[in-house]
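Asks: The primary structure of each chain is shown beneath.
Number of protein chains: 2
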Amino acid sequence: MSFEFELVASDGKARAGILHTPHGQIPTPVFAPVGTAATVKAIPPKDLEALDVNLILSNTYHLMLRPGDELIRDLGGLHEFMRWSGPILTDSGGFQLFSLAQISKIDDDGVTFRSHLDGSAKRLDPASSMRIQQNLGADIIMAFDQCPAPDDRAEVERAIARTHRWLVACREAHPDDTRQALFGIVQGGVFPDLRSQSAAFVTSLDLKGYAIGGLAVGETKAEMAAMLDHTMPRLPNDRPRYLMGVGEPDDLVEGILRGVDIFDCVIPTRLARHAAAFTHQGRINLRNAKYRTDESPIDCRLNNYAGQFSRAYLRHLVIAKELLAHYLLSLHNIDFLVSHVANMRQAIIDGCLRDYAKKFLAEYLQ
Amino acid sequence: MSFEFELVASDGKARAGILHTPHGQIPTPVFAPVGTAATVKAIPPKDLEALDVNLILSNTYHLMLRPGDELIRDLGGLHEFMRWSGPILTDSGGFQLFSLAQISKIDDDGVTFRSHLDGSAKRLDPASSMRIQQNLGADIIMAFDQCPAPDDRAEVERAIARTHRWLVACREAHPDDTRQALFGIVQGGVFPDLRSQSAAFVTSLDLKGYAIGGLAVGETKAEMAAMLDHTMPRLPNDRPRYLMGVGEPDDLVEGILRGVDIFDCVIPTRLARHAAAFTHQGRINLRNAKYRTDESPIDCRLNNYAGQFSRAYLRHLVIAKELLAHYLLSLHNIDFLVSHVANMRQAIIDGCLRDYAKKFLAEYLQ
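So the sequence lines, in the order shown, correspond to chains A and B.
Going by this note's numbering, the first sequence opens with residue 1, and the numbers climb by one from there.
Going by this note's numbering, the second sequence opens with residue 1001, and the numbers climb by one from there.
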């Protein structure tokens, strides 16, 4: 029953479910912290377990370059390599490739680029993305797609044509979902008709799950909401829906209200490295001098280990550039998002998601 | 019964004891990791507890400059500030001052210097070192001393004269050991007669414990051993003896064989930041390409969390400059030294320290 998606409850368009994987069940909605280079930055896997993290994402682009997907395969796969026994999702490499690498050539079959690490020439295409993700061995693997600037219609049209062609090639290179499930990605920028066209094509392949790509890449929050409103009804109810790269606390609310089941984002660990922390009253920065003598925890409504420390101590660690600051702030920020999504899941089950959302947003965006 | 020192067993000159403090018992011999800026770099206090760390050291010089000892006092003291409930020892500030700060003037009453952080003018003397250490609130506080180059006789003579004068002033400024015990420091460089003279003076003050300072500062290992052989019999048997700044695994053996009870050193966390790890077969560097595919743990004889990861994974973290490398390697190195000292304590109780030492050194120094 791997990759069976069990719907437990719904509340409006929002749903609570369970996604079964070879490495355990994922209660949905779920927020996945990102472990780019086979590590969620600064956080040992045991602490992720203690926070009830149920899914992590790792990056194909980074791992193919360093330490190399074949090495990870030879060492038993990503779960074994990084000692994380829960579910893992890998992206296709496409997104990082377009944002980090120097692209030499995009053609209808794939992308030739130079590594951002050493400048060496590389190529990714549907077959190699599948082979690399098979070597890594994540539970959920993503189709190789092209993520264009969202408001350039001609560019978006070219990108969805390629994305669809590449999806077919990915399915051919990965025909069997028994151990790893292939998810397809709907593109279409901010254009409703292109989103419709992409959703129709991608869902015609009857995949284990569907992602909405090409959002949270520079469009407005209203545009993102409009695209979700338009696209979600075009995805089958009985498959998980994944909104890629989204993790702002208010965006998680908007996504879940519209029926999104899976999210991932680097934001909790990236903010931590910039001394920022989520609170129910909005984001704060521990570098601020006003926390110098503040004996309260970052957010007294959370219950993780970082909450044992005062803002004054955390500020000291930040100012003194101490490594422990990364650990404690990352732990806090991950817990904030994971708890927030878990609270929404419970609210869906209790039939009061709209209330939770209203109260949360009123306080968070005040 | 605070600061009572209970001798449990002895084996040759080596002893196993228990030092009672207001924050718990310290089984001795003990190795104290260093938390320079009120944090043992990269390691949360809960993980230190799990490793059976029984004492940590923190630095007066660093904390007086940042975040300031009065702030720490106002926030409840160092234990409360850094959420470490076990025993803490603070140094006097002298050693860092001579190694890090730009000294403006040393006179017979104290030292005027410029902060290495912002160049501001500061002064430390016996009374201010005591006041700062009282503000920090460590269990064991150290007398303000001058640590000279060990082989310049004229300089060492001047330094011990000051160290003795300053010790008397420290005792006057800290007359009561009820909550914090003042330890004195024997200086004397590599000169046996000066060590004798210093030991005689320092022990005449009947303090709760005695440190041997001015070693591990550039002299040879043979010179260090000779100074220990000469000085230890001149310290009273019923007080703990602290060899400052020593932490190499073989130096711990030599110190314990000669009756040292307390050690501290930055080496486990500093080595970790340079990708180096202790093993029973000597020190290794995880950056080395030969560990690329090595599935074994750093040292299979240890039992800490870092031991769950392969050398291949640790090498990947090091090469990718991932924060988790600092955590796992620091955890490993601290456990190595703490376990090593705990094994020696057990060997003293079992009457087989010499065997343990011989086997350990043969393997470690091979």
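Please keep in mind that the hints were generated in silico from the structure rather than gathered at the bench.
We put the beta carbon where it would ideally sit given N, CA and C, even for glycine.
Incorrect hints may appear among the rest.
Said to hold, decoys possible - Some chain B residues near chain A, calculated using beta-carbon distances under 10 Å:
#1 Lys1041
#2 Lys1046
#3 Arg1066
#4 Glu1295
#5 Arg1315
#6 His1316
#7 Ala1320
#8 Leu1324
#9 Tyr1327
#10 Leu1328
#11 Ile1349
Asks: Could you run down the list of hints and mark each one as holding or not?
Replies: Comparing the hints with the structure gives:
1. Hint status for Lys1041 of chain B relative to chain A: holds, with the closest Cβ pair at about 6 Å, below 10 Å.
2. With a cut of 10 Å, the hint placing Lys1046 of chain B at the interface with chain A holds, because the nearest CB-to-CB distance is about 6 Å.
3. The beta carbon of Arg1066 of chain B comes within 6 Å of a beta carbon in chain A, closer than 10 Å, and the hint placing it at the interface holds.
4. A hinted interface residue such as Glu1295 of chain B counts as satisfied when its beta carbon comes closer than 10 Å to some beta carbon of chain A; here the least separation is about 6 Å, so the hint holds.
5. Satisfaction of the interface hint for Arg1315 of chain B is found here, the shortest Cβ-Cβ separation to chain A being roughly 8 Å, below the 10 Å cut-off.
6. Interface hint at His1316 of chain B: satisfied, since its Cβ lies 5 Å from the closest Cβ of chain A, which is below the 10 Å cut-off.
7. Of the supplied interface hints, the one on Ala1320 of chain B holds, with its beta-carbon coming within about 5 Å of a beta-carbon of chain A, less than 10 Å.
8. The beta carbon of Leu1324 of chain B comes within 5 Å of a beta carbon in chain A, closer than 10 Å, and the hint placing it at the interface holds.
9. A cut of 10 Å between beta carbons decides the hint on Tyr1327 of chain B: the least distance to chain A is about 6 Å, and the hint holds.
10. A cut of 10 Å between beta carbons decides the hint on Leu1328 of chain B: the least distance to chain A is about 7 Å, and the hint holds.
11. Given the 10 Å rule on beta carbons, the hint for Ile1349 of chain B is violated: about 33 Å separates it from the nearest Cβ of chain A.
In the structure shown, a violation is registered for the earlier hint numbered 11 alone.
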